[in-house]
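Enquirer: Here's the letter readout for the chains.
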Amino acid sequence: MAAAEDVKLLRETFAEKVLESVEFRDEQTLLVTLEALHPVLAHCRNELGYAMLLDISSVDFLGEEPRFEVVYELATVDDAKRLRVKAKVAEDAPVASAVDLWGGADWHEREVWDMMGIGFAGHPNLKRILMWEGYPYFPLRKDFPLAGRPTELPDVAFTGVAPLEGGPFVACAGAPNAVLREPRSQAID
Amino acid sequence: MLSPTTTLETAYDSKIESNVIVTRVDAAMNWVRKNSLWPMPMGLACCAIELMATASARFDISRFGMEVMRFSPRQADVLVVSGTVTYKMALAVKRIWDQMPEPKWCVAMGACASSGGMYRSYAVLQGIDQLIPVDVYISGCPPRPEALIAGLMRLQEKVDTEHALMDQKRSMLAGSA
Numbered sequence: 001m002a003a004a005e006d007v008k009l010l011r012e013t014f015a016e017k018v019l020e021s022v023e024f025r026d027e028q029t030l031l032v033t034l035e036a037l038h039p040v041l042a043h044c045r046n047e048l049g050y051a052m053l054l055d056i057s058s059v060d061f062l063g064e065e066p067r068f069e070v071v072y073e074l075a076t077v078d079d080a081k082r083l084r085v086k087a088k089v090a091e092d093a094p095v096a097s098a099v100d101l102w103g104g105a106d107w108h109e110r111e112v113w114d115m116m117g118i119g120f121a122g123h124p125n126l127k128r129i130l131m132w133e134g135y136p137y138f139p140l141r142k143d144f145p146l147a148g149r150p151t152e153l154p155d156v157a158f159t160g161v162a163p164l165e166g167g168p169f170v171a172c173a174g175a176p177n178a179v180l181r182e183p184r185s186q187a188i189d
Numbered sequence: 001m002l003s004p005t006t007t008l009e010t011a012y013d014s015k016i017e018s019n020v021i022v023t024r025v026d027a028a029m030n031w032v033r034k035n036s037l038w039p040m041p042m043g044l045a046c047c048a049i050e051l052m053a054t055a056s057a058r059f060d061i062s063r064f065g066m067e068v069m070r071f072s073p074r075q076a077d078v079l080v081v082s083g084t085v086t087y088k089m090a091l092a093v094k095r096i097w098d099q100m101p102e103p104k105w106c107v108a109m110g111a112c113a114s115s116g117g118m119y120r121s122y123a124v125l126q127g128i129d130q131l132i133p134v135d136v137y138i139s140g141c142p143p144r145p146e147a148l149i150a151g152l153m154r155l156q157e158k159v160d161t162e163h164a165l166m167d168q169k170r171s172m173l174a175g176s177a
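If you're matching them up, the sequences are chains A and B in order. Under this note's numbering, the first residue of the first sequence carries the number 1, and numbering increases by one thereafter. Under this note's numbering, the first residue of the second sequence carries the number 1, and numbering increases by one thereafter.
Simulated from the structure, these hints should not be mistaken for laboratory data. Beta carbons: idealized from backbone N, C-alpha and C, even for Gly. Treat the hints with care, as some may be off.
Calculated cross-link-like contacts (lysine-lysine; reagent style DSSO-like; alpha-carbon spacing at most 27 Å) [unchecked claim]:
(1) LYS142/A - LYS88/B
(2) LYS15/B - LYS104/B
(3) LYS94/B - LYS127/A
Here are some, though not all, of the chain A residues that point toward chain B, as calculated from beta-carbon distances under 7 Å [unchecked claim]:
(4) LEU140
(5) THR159
(6) GLY166
FRET-style restraints, in silico, Cβ to Cβ [unchecked claim]:
(7) PRO133/B - GLU91/A: 43 to 49 Å
(8) ARG181/A - ASP167/B: 23 to 29 Å
(9) GLN130/B - ASP100/A: 31 to 37 Å
(10) ARG11/A - CYS46/B: 30 to 36 Å
(11) ASP92/A - GLN75/B: 28 to 34 Å
(12) ARG82/A - GLU102/B: 28 to 34 Å
(13) VAL77/A - ALA92/B: 34 to 40 Å
(14) PRO163/A - TRP38/B: 33 to 39 Å
(15) ALA92/B - ARG82/A: 35 to 41 Å
(16) ARG58/B - ASP155/A: 20 to 26 Å
(17) GLU47/A - GLN130/B: 52 to 58 Å
(18) ALA150/B - VAL71/A: 44 to 50 Å
(19) GLU91/A - GLN75/B: 48 to 54 Å
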């Protein structure tokens with residue numbers, strides 16, 4: 001059974017809780033409500049054979065409401081089909097943890113918490129994974145400057161501001177010629 | 001009692017005289033130190049691969065007496081910071097440095113250890129010299145083993161110019177005065 005048929009089954013099972021489904025170059029993406037996220041994932045895991053969680057990531061749409069989006073990449077063990085499940089998350093709204101479905105979700109969810117500050121309800125050990133405990137910011141949020149902010153946690157770690165010298169240097173995709181596509185300093189406030 | 005006709009055969013002993021060298025203690029100590037610099041490999045990123053290549057057969061830093069990589073800071077002379085120093089790792093590197101006994105030297109190997117390199121970012125320390133004193137900076141991303149050897153030879157030259165014993169004598173005199 002292909003992933004496209006799974007999407008059809010999921011739409012029938014969860015009806016209006018599935019907000020949107022997109023097919024792009026044979027990739028199936030499903031946008032569901034936050035309340036339905038865990039039931040949908042459980043259904044994928046237990047009924048449709050998606051025994052493998054490849055990744056959990058998150059996107060920051062600064063200025064939109066709700067602000068964040070969590071993205072789950074699912075696959076069958078033989079990699080015959082793949083499915084992407086997404087849900088919009090407002091700031092400070094917890095997401096139901098998927099650790100009870102896939103043990104591998106543990107570190108992925110800790111990374112999302114560490115970098116983006118999205119909390120997971122029911123996670124057994126939700127603490128920072130890359131930065132240290134006590135670091136006050138979530139560095140992959142759009143409103144966090146690339147150069148960083150100074151912090152100090154005595155005997156643990158400190159951070160400073162990196163000199164960007166007019167940067168960051170960003171390529172302009174879609175510019176009409178090669179000169180304009182060159183990476184140039186782009187002021188980001 | 002020696003008879004007047006007996007010649008003293010011990011006046012010149014070639015076995016002893018030809019093995020005596022006259023030098024300053026400083027020069028002798030510097031000579032010893034610079035030819036047995038034991039590195040503490042602080043391998044943090046891809047520079048560490050080049051450091052390993054430098055130690056292996058083709059480049060072979062044992063030619064300079066530096067092949068004794070010490071994984072205990074207490075037995076090391078040179079801290080070779082080879083790689084990207086993140087803020088999370090920075091205080092650990094500092095701690096290793098603090099545990100090394102004097103005299104000690106530090107080599108910042110590659111762009112990241114020298115200046116943060118291409119990582120203009122919230123997570124990376126912008127040069128290990130913000131935390132510990134650096135004797136030699138080696139450019140490159142990562143530097144080839146030849147560059148590392150050139151850097152270590154510059155360090156040897158630097159060690160050769162030090163006045164370890166004279167400095168010690170001066171500080172002792174200053175302390176007693």
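Enquirer: Now tell me, hint by hint, if it's right for this structure.
Expert: Okay, the hints, checked on the actual structure:
no.	hint	verdict
1	LYS142/A - LYS88/B	holds, 22 Å
2	LYS15/B - LYS104/B	violated, 38 Å
3	LYS94/B - LYS127/A	holds, 26 Å
4	LEU140	violated, 10 Å
5	THR159	holds, 5 Å
6	GLY166	violated, 11 Å
7	PRO133/B - GLU91/A: 43 to 49 Å	holds, 45 Å
8	ARG181/A - ASP167/B: 23 to 29 Å	violated, 58 Å
9	GLN130/B - ASP100/A: 31 to 37 Å	violated, 45 Å
10	ARG11/A - CYS46/B: 30 to 36 Å	violated, 47 Å
11	ASP92/A - GLN75/B: 28 to 34 Å	violated, 52 Å
12	ARG82/A - GLU102/B: 28 to 34 Å	violated, 59 Å
13	VAL77/A - ALA92/B: 34 to 40 Å	holds, 39 Å
14	PRO163/A - TRP38/B: 33 to 39 Å	holds, 35 Å
15	ALA92/B - ARG82/A: 35 to 41 Å	holds, 40 Å
16	ARG58/B - ASP155/A: 20 to 26 Å	violated, 42 Å
17	GLU47/A - GLN130/B: 52 to 58 Å	holds, 55 Å
18	ALA150/B - VAL71/A: 44 to 50 Å	holds, 48 Å
19	GLU91/A - GLN75/B: 48 to 54 Å	holds, 52 Å
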